[in-house]
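**Q** Here is what each chain is made of, one letter per residue.
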Amino acid sequence: MLKNMLLDLQNNLRAYRVLISFSGRFSQGIIEELGDAIRKYMEVEDKPRNSIYNVFAVFVEQTHNIKNYVAEQECSPYYEQIANSGIITIGKTDNRYYVCSGNLIQHKDAGILSSRIDKLIDLDKNELKKLYKEEIKKDLPPGSKGAGVGLIDIARKTSQRIEYSILKLDDNLSFFSIKVQV
Amino acid sequence: MLHKLYIEKTRGTPEVVFDPEQNTLILRGQSYPENAFKFYEPVLEWINQYFVQCNSPVFVEIKLSYINTSSSKCIMMLLEKFEEEFQKGLEVRLNWYYDEENESELECAEEFKEDVNFTFNIIPLQEEV
Chain A
1 MLKNMLLDLQ NNLRAYRVLI SFSGRFSQGI IEELGDAIRK YMEVEDKPRN
51 SIYNVFAVFV EQTHNIKNYV AEQECSPYYE QIANSGIITI GKTDNRYYVC
101 SGNLIQHKDA GILSSRIDKL IDLDKNELKK LYKEEIKKDL PPGSKGAGVG
151 LIDIARKTSQ RIEYSILKLD DNLSFFSIKV QV
Chain B
183 MLHKLYIEKT RGTPEVVFDP EQNTLILRGQ SYPENAFKFY EPVLEWINQY
233 FVQCNSPVFV EIKLSYINTS SSKCIMMLLE KFEEEFQKGL EVRLNWYYDE
283 ENESELECAE EFKEDVNFTF NIIPLQEEV
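Chains as they are written, first to last, in the working numbering: chain A, 1 to 182; chain B, 183 to 311.
To be clear, the hints were calculated from the coordinates, so they are not data collected in a lab.
Heads up, the beta-carbon is just placed ideally off N, CA and C, and yes, glycines get one too.
A couple of the hints might just be wrong.
[To be verified] According to the in silico footprint, chain A covers these stretches of chain B (three or more CB under 8 Å from chain A):
| no. | stretch |
| --- | --- |
| 1 | 210-221 |
| 2 | 249-256 |
| 3 | 275-289 |
[To be verified] One side only, chain B facing chain A, incomplete, derived with CB under 10 Å:
| no. | residue |
| --- | --- |
| 4 | 193 |
| 5 | 194 |
| 6 | 293 |
| 7 | 296 |
| 8 | 297 |
| 9 | 299 |
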C-alpha cells in the first residue's frame with residue numbers, strides 16, 4: 001500500500017518532469033536548501049550561469065511572495081490553512097526550466113492579485129524595466145516585508161508568457177498558482 | 183569614534199566589512215534574507231553615522247552574486263546615501279564585481295549605475311564569486 005502511494009507520487013512527479021518539489025510551510029532555511037539544490041542540479045547539467053541565476057531568482061521571489069503573504073495573514077482566521085498550503089516545483093520542459101508555485105489566498109485578495117499580474121503580462125522588457133525602477137523607488141508603508149516588486153522581477157526573467165490561475169475553493173479561500181518558464 | 187562594522191556572511195546574507203579608518207566599505211556574498219529591511223537597517227544606520235564624520239575619499243567594493251528584490255531596494259537606499267555625499271563634495275569610488283559569464287549580474291550592476299553620478303566601475307571576474 002505504502003509502496004504504491006510513493007510510486008504513484010513519483011510517477012506523477014516524473015510525468016510533470018518535476019525535479020525538485022516542496023509542499024508545506026516555507027521557512028527561510030527550506031528556501032535556502034532548495035535554492036542550493038536547484039543550483040547544484042543545474043550546474044551538474046552544465047547550464048549557462050545566466051539561466052541558473054534566473055531560475056534561482058524566480059524561485060526566491062515566488063517563495064518569498066508566499067512567505068510574505070502568509071505573514072500578512074497572521075491575524076486572519078484562515079492563517080493556519082494558508083500557512084500550510086504552499087507548494088513549489090521546479091521542473092523541465094523540452095528546452096527550458098519552469099518554476100511553478102501555489103498557495104491558498106483569501107478570495108477577497110484574488111481580484112487585486114490577478115489585476116497586478118494581468119498588467120505585467122503584456123509589457124515588454126523595456127516597459128517592465130521602467131516599471132520596476134519606478135516601483136522600487138517608492139517609499140514603503142512601515143512594516144513591509146518586501147519591496148513589492150517580486151512579480152515584476154519574475155516577469156522580467158520569464159522567457160514565455162506567465163501562466164497563472166486562481167481556483168475558487170469555497171466562499172473564503174482560493175488556490176493561486178503561477179508558472180514561469182526561464 | 184565609530185567602530186568597524188563587521189557582519190559575517192550566511193547563505194542568504196552577505197559579509198559586511200565597513201572600516202571607518204580605512205574608509206573602505208565592502209559587501210560580499212549573496213543577499214536574499216528573510217527580511218531584507220531588518221538586515222540592512224543597522225548597515226544603513228552605520229552609514230548615517232559614518233558620513234557625519236567622514237571627509238576622506240570613500241572606497242566601496244561590492245561583490246554580490248545574487249540580490250533579491252527587497253535587498254535591491256536596500257542597496258539602492260545605500261547608493262542614494264553615497265550619491266548625497268558625493269553631491270556635497272565627497273569623493274566616492276565604487277567597484278562592482280560581477281561574474282563574467284553571467285549577463286544577468288552585469289545587467290543588475292548597470293541598472294544600479296544608471297542612477298548615480300559618482301565613480302562606479304563595473305569589473306568582470308573570471309572565477310565564480
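**Q** Run every hint past the structure and note whether it holds.
**A** Hint by hint, here is what the structure shows:
Restraint check on the stretch 210-221 of chain B versus chain A: 6 residues with Cβ-Cβ distances below 8 Å, three needed, restraint holds. Here the stretch 249-256 of chain B counts 5 residues with a CB under 8 Å from a CB of chain A, which clears the bar of 3, and the coverage holds. Here the stretch 275-289 of chain B counts 6 residues with a CB under 8 Å from a CB of chain A, which clears the bar of 3, and the coverage holds. About 5 Å separates the beta-carbon of residue 193 (chain B) from the nearest beta-carbon of chain A, less than 10 Å, and the hint is met.
For residue 194 (chain B), the suggested interface contact is upheld, since its CB lies about 6 Å from the closest CB of chain A, less than 10 Å. Restraint check, residue 293 (chain B) versus chain A: the minimum CB separation of about 7 Å is within 10 Å; hint holds. With a cut of 10 Å, the hint placing residue 296 (chain B) at the interface with chain A holds, because the nearest CB-to-CB distance is about 8 Å. Of the supplied interface hints, the one on residue 297 (chain B) holds, with its beta-carbon coming within about 8 Å of a beta-carbon of chain A, less than 10 Å.
Interface hint status for residue 299 (chain B): violated, as the beta-carbon distance to the closest one in chain A is roughly 16 Å, over 10 Å.
Violated hint: 9 only; the structure is consistent with all others.
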